[in-house]
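K.L.:
The lines below spell out each chain.
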Amino acid sequence: MKPQVERESLTPGGVAVPPPLKIESSAFTGSLATLFHLAREGRVDLSGIPLSPVCHAYLEYVFGVAPDRVDEAGAALLALAYLVERKAWSLLPIADPPPEQEIPELPAPTAHEFALAVDSLDTGFRERAQLFFRAGGVEGADYEIPIEIGHLTTNHLARALERLLSKAMPTTVEPTAKKRPSLAEVMAKVLQRIQSAGKRLGFVDLMPEEYTRLDAVFVFLAVLELLRIGRIKAGVAGEEIWLAAKES
Amino acid sequence: MQAAIERANEKGGELVDAVEALLFVAPAPVSLQDLAEASGREEEQVRDALEALSDRLERTGGIKLVKIAGGYQLCTKPEFAEQVANLLRPQKRRLGRSALEVLAIIAYRQPITAQEIFIIRGVQSDYSLRVLMDLGLIQELERKQAPGRPILYGTTQQFLHQFNLNDLSDLPEVPGVPSVD
Amino acid sequence: MQAAIERANEKGGELVDAVEALLFVAPAPVSLQDLAEASGREEEQVRDALEALSDRLERTGGIKLVKIAGGYQLCTKPEFAEQVANLLRPQKRRLGRSALEVLAIIAYRQPITAQEIFIIRGVQSDYSLRVLMDLGLIQELERKQAPGRPILYGTTQQFLHQFNLNDLSDLPEVPGVPSVD
Chain Z
1 MKPQVERESL TPGGVAVPPP LKIESSAFTG SLATLFHLAR EGRVDLSGIP LSPVCHAYLE
61 YVFGVAPDRV DEAGAALLAL AYLVERKAWS LLPIADPPPE QEIPELPAPT AHEFALAVDS
121 LDTGFRERAQ LFFRAGGVEG ADYEIPIEIG HLTTNHLARA LERLLSKAMP TTVEPTAKKR
181 PSLAEVMAKV LQRIQSAGKR LGFVDLMPEE YTRLDAVFVF LAVLELLRIG RIKAGVAGEE
241 IWLAAKES
Chain C
249 MQAAIERANE KGGELVDAVE ALLFVAPAPV SLQDLAEASG REEEQVRDAL EALSDRLERT
309 GGIKLVKIAG GYQLCTKPEF AEQVANLLRP QKRRLGRSAL EVLAIIAYRQ PITAQEIFII
369 RGVQSDYSLR VLMDLGLIQE LERKQAPGRP ILYGTTQQFL HQFNLNDLSD LPEVPGVPSV
429 D
Chain D
430 MQAAIERANE KGGELVDAVE ALLFVAPAPV SLQDLAEASG REEEQVRDAL EALSDRLERT
490 GGIKLVKIAG GYQLCTKPEF AEQVANLLRP QKRRLGRSAL EVLAIIAYRQ PITAQEIFII
550 RGVQSDYSLR VLMDLGLIQE LERKQAPGRP ILYGTTQQFL HQFNLNDLSD LPEVPGVPSV
610 D
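Chains as they are written, first to last, in our numbering: chain Z, 1 to 248; chain C, 249 to 429; chain D, 430 to 610.
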């Protein structure tokens with residue numbers, strides 16, 4: 001009985017598996033790994049399999065093994081130790097063997113008793129795979145939530161813009177070199193104005209003495225955006241809309 | 249059941265519809281408490297509404313209500329799985345037998361250390377543990393008050409969700425394996 | 430009306446439900462063509478099913494069908510906007526148990542290193558530390574004059590603000606934990 005070792009004993013996950021040690025004996029012929037798996041699944045009766053040939057095969061293997069294959073040798077030792085322990089358990093007297101069962105039930109410790117649990121999990125997983133849930137965005141980021149602007153209505157806002165525009169000067173022709181401010185810049189300016197005021201401001205208070213229709217539109221958009229992101233709040237007083245900073 | 253539906257209809261089928269809208273936008277299972285808070289009603293009313301909603305969805309439409317991972321969630325009915333899969337082309341990720349085995353042991357015996365899993369299985373489970381961690385199915389709970397203070401593993405909400413369970417008591421009883429309390 | 434529904438159910442109620450399931454899972458508007466492909470039917474049939482679905486959703490429930498951005502999509506009915514907003518509005522983010530634990534340790538023992546927190550808790554706290562940093566509740570104070578010069582953590586002004594404390598001496602006394610001065 002010679003142990004024959006083939007080299008290919010790392011799983012894709014980098015875990016050492018027992019080397020395919022060949023065992024030949026009257027009761028079992030095959031690899032150590034096969035015997036190990038059959039024992040683990042409760043498919044062989046270890047009490048009828050002498051383990052000394054297995055131990056011999058292991059010893060021959062381990063004395064022949066190169067020092068860099070220590071993981072593999074360790075895995076083989078684990079498999080062997082498991083077999084020995086299981087065999088020891090299987091030799092213990094069983095109190096009342098159920099008569100109808102052909103294979104004697106293996107006492108713990110064993111993963112065998114979890115086979116049903118594994119099956120039931122598998123079933124649950126397959127049932128679950130038939131159910132599909134909504135591909136929700138992160139924390140509802142996909143949803144437009146109405147902006148909180150108190151009792152303001154779109155009508156209020158529209159009228160405010162109308163009044164603002166009515167006071168605007170005609171658009172002057174700007175020199176092409178002059179950079180048009182971005183909405184972000186206008187927002188920053190408007191926010192700063194509202195915050196530094198320390199009191200409620202009207203739309204008109206946000207505007208310089210003279211302004212163009214374009215300026216008015218920009219300021220109006222900036223206010224809407226600031227309301228949307230919750231940096232300022234607004235309310236109605238009579239016909240006018242007031243704006244104030246929101247405490248963060 | 250009929251009584252609950254009637255009660256819900258009387259007091260406001262509107263709440264049933266509101267609950268449906270809430271569940272529709274929620275990206276994860278929603279608890280009874282959160283539904284009650286969002287709709288501004290009592291949990292008891294919401295419970296009736298959920299029952300009525302479940303019944304309505306069961307009768308018509310492609311969506312149903314499930315109680316999963318400790319909350320309520322809408323999902324498609326299983327009979328449309330194939331068509332939905334056509335649209336989404338989901339990659340089916342099946343767990344290998346040994347990862348499933350480790351998962352089963354953790355589910356039934358949690359909290360449990362890697363060493364204890366090893367004793368049960370007779371093989372190292374490091375790789376399976378890493379896979380299960382990566383998939384968010386198990387988590388490190390704490391450290392055991394034992395030499396070396398080994399990590400104790402347990403299952404996650406994600407596990408309940410993926411395996412179609414509402415809570416751990418939903419795990420079927422398996423002879424010889426004590427259930428978790 | 431009832432007769433019409435029944436007829437629709439007989440002829441292609443299943444397609445209506447399938448289309449609902451498809452729209453339910455889709456993260457974006459779905460084109461008629463995609464719906465037809467996924468359900469394995471003709472576009473004409475799907476168009477009819479969409480119409481029937483739209484009718485049914487309009488009559489009951491919290492969800493409706495919209496044609497948007499070149500496709501079809503389900504969305505909640507506007508009358509439930511407020512309740513949906515209640516649910517989705519970024520609630521004051523509740524801190525998890527372990528983040529709270531780490532925060533408490535830092536609050537009472539600051540300045541403290543991650544290693545020292547680990548010794549107290551027996552588990553790594555990297556994730557909690559990151560969450561607390563992101564929330565602006567803790568900050569890196571300086572480096573400890575010790576091997577490896579580890580970072581020392583402490584609480585922020587924001588922490589006092591969030592937990593309604595005037596200063597650190599406002600922290601409730603805890604038996605066995607010396608207060609910070």
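Misleading hints may appear alongside valid ones.
Straight-line distance between alpha carbons at most 27 Å, and here's what the computed DSS-like set of lysine-lysine pairs gives [to be verified]:
1. Z:Lys233 with Z:Lys199
2. C:Lys312 with D:Lys496
3. D:Lys496 with C:Lys315
4. D:Lys573 with C:Lys312
5. Z:Lys22 with Z:Lys87
6. D:Lys493 with C:Lys312
7. D:Lys493 with C:Lys315
These aren't lab readings, by the way, just hints derived from the structure by calculation. This one's a predicted model, so the numbers in the text were calculated from it and none came from an experiment.
K.L.:
Which of the stated hints cannot be reconciled with the structure, identified by number in ascending sequence?
P.N.:
Going through the list in order, the structure violates hints 3, 4 and respects the others.
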